[in-house]
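Line order of the protein sequences matches chains A and B.
Each step along the first sequence adds one to the number in my numbering, with nothing skipped, and position 63 is 63.
Each step along the second sequence adds one to the number in my numbering, with nothing skipped, and position 103 is 103.
Simulated from the structure, these hints should not be mistaken for lab results.
Be aware that a few hints might be false.
Residues of chain A placed beyond 12 Å of chain B at every Cβ, according to the derived structure [what the hints assert, rightly or not]: (1) Q21; (2) H30; (3) D42.
Label pairs and their in silico Cβ distance ranges [unchecked claim]: (4) G15(A) - E117(B): 33 to 39 Å; (5) T37(B) - H119(A): 21 to 27 Å; (6) G120(A) - E47(B): 31 to 37 Å; (7) E125(B) - V18(A): 39 to 45 Å; (8) V18(B) - A138(A): 34 to 40 Å.
C-beta: ideal position from N, C-alpha, C; glycine also.
2 protein chains.
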Amino acid sequence: MPTAAAIEPLLRAAGLRVTRQRVAVLAVVHEHPHADTGTLIDAVRAELGPVSHQAVYDVLQVLTDAGLVRRIQPSRSLARYEARVADNHHHIVCRGCGTVADVDCAVGAAPCLTPAEAHGFEVDEAEVIYWGLCPACAAPTRANH
Amino acid sequence: MPTAAAIEPLLRAAGLRVTRQRVAVLAVVHEHPHADTGTLIDAVRAELGPVSHQAVYDVLQVLTDAGLVRRIQPSRSLARYEARVADNHHHIVCRGCGTVADVDCAVGAAPCLTPAEAHGFEVDEAEVIYWGLCPACAAPTRANH
DNA sequence: CCGTTTTTCTTGAATCAGTCAAGTCTTTGA
DNA sequence: TCAAAGACTTGACTGATTCAAGAAAAACGG
Chain A
1 MPTAAAIEPL
11 LRAAGLRVTR
21 QRVAVLAVVH
31 EHPHADTGTL
41 IDAVRAELGP
51 VSHQAVYDVL
61 QVLTDAGLVR
71 RIQPSRSLAR
81 YEARVADNHH
91 HIVCRGCGTV
101 ADVDCAVGAA
111 PCLTPAEAHG
121 FEVDEAEVIY
131 WGLCPACAAP
141 TRANH
Chain B
1 MPTAAAIEPL
11 LRAAGLRVTR
21 QRVAVLAVVH
31 EHPHADTGTL
41 IDAVRAELGP
51 VSHQAVYDVL
61 QVLTDAGLVR
71 RIQPSRSLAR
81 YEARVADNHH
91 HIVCRGCGTV
101 ADVDCAVGAA
111 PCLTPAEAHG
121 FEVDEAEVIY
131 WGLCPACAAP
141 TRANH
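Turn these sequences into a full structure, and let the hints guide you.
As structure tokens, this is what we get:
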């Protein structure tokens, strides 16, 4: 778990003001990869005491714009955030419980894939989400045969 | 645009009852690929007269479960639906205006990609979303140099 | 170290896609 | 044509996210 001392330079390097709330939110995202907004708000409050949800939403937006965190939002799921931003890795999402796991990208740099026909779009990122069942959710289905 | 006569067999083949609402919704999804829920509701009402939003939500859910339409939901976007389901194609989303375009999948069948390390997940689909700027949204940025 | 400026946080209300529940109507199959 | 099963309508509700205005805190020049 990153300490406040480790988080501060990240904020300053991104040209952002350093506040208790920002340090706490960024630390919490590091601690809880793929956590949804509600979980993050709870975790921040556990650390700082009362903090408005609005502050957390604002901070997440700012951190996302600054490239310090990445927002992911699989269908039918709340927004989730992760602090792993340097590489262009991907995700596996469980259709059963919604758990998210990281998958390394073979290429590493975005966009790791390029479309065959881009319709004139300027593509800068290829986001890949693998859908399936995690080991826990897949187990019961084995009883079907 | 598919006629009611062309839509009906699709519903019956999927083992679904045929109702005016279902025919209209499925036709509208064919007509407006990648349209969001609000647009679909408006289009259905333009065709049938007053229809509850609830009916449209229900029908879309049923059609999705039956595999007649596919739901896509890029981050920061409302749910969108498309009727192209046979192939495992992908999408390009414009960061500027949210426009969605289809991209053919080189492989065709799901999952077209398999993760290097699946953490024990049973993967059945790889969803790829390319992010970038459509020609219209990219144009203004050219004035920057 | 202090005041000013700028940005951020708090408070409280509002929005809006999507969901729930109960009752009525339509489709299907006999 | 009739009964049973499934769909649709109505109306209220939920819950994540956003808006707006004022209070507080950080940055910066003096």
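We went through each hint and held it up to the structure:
no.: 1; hint: Q21; in the structure: holds, 23 Å
no.: 2; hint: H30; in the structure: holds, 20 Å
no.: 3; hint: D42; in the structure: holds, 22 Å
no.: 4; hint: G15(A) - E117(B): 33 to 39 Å; in the structure: holds, 35 Å
no.: 5; hint: T37(B) - H119(A): 21 to 27 Å; in the structure: holds, 24 Å
no.: 6; hint: G120(A) - E47(B): 31 to 37 Å; in the structure: holds, 32 Å
no.: 7; hint: E125(B) - V18(A): 39 to 45 Å; in the structure: holds, 42 Å
no.: 8; hint: V18(B) - A138(A): 34 to 40 Å; in the structure: holds, 36 Å
Hint compliance for this structure: every hint is met.
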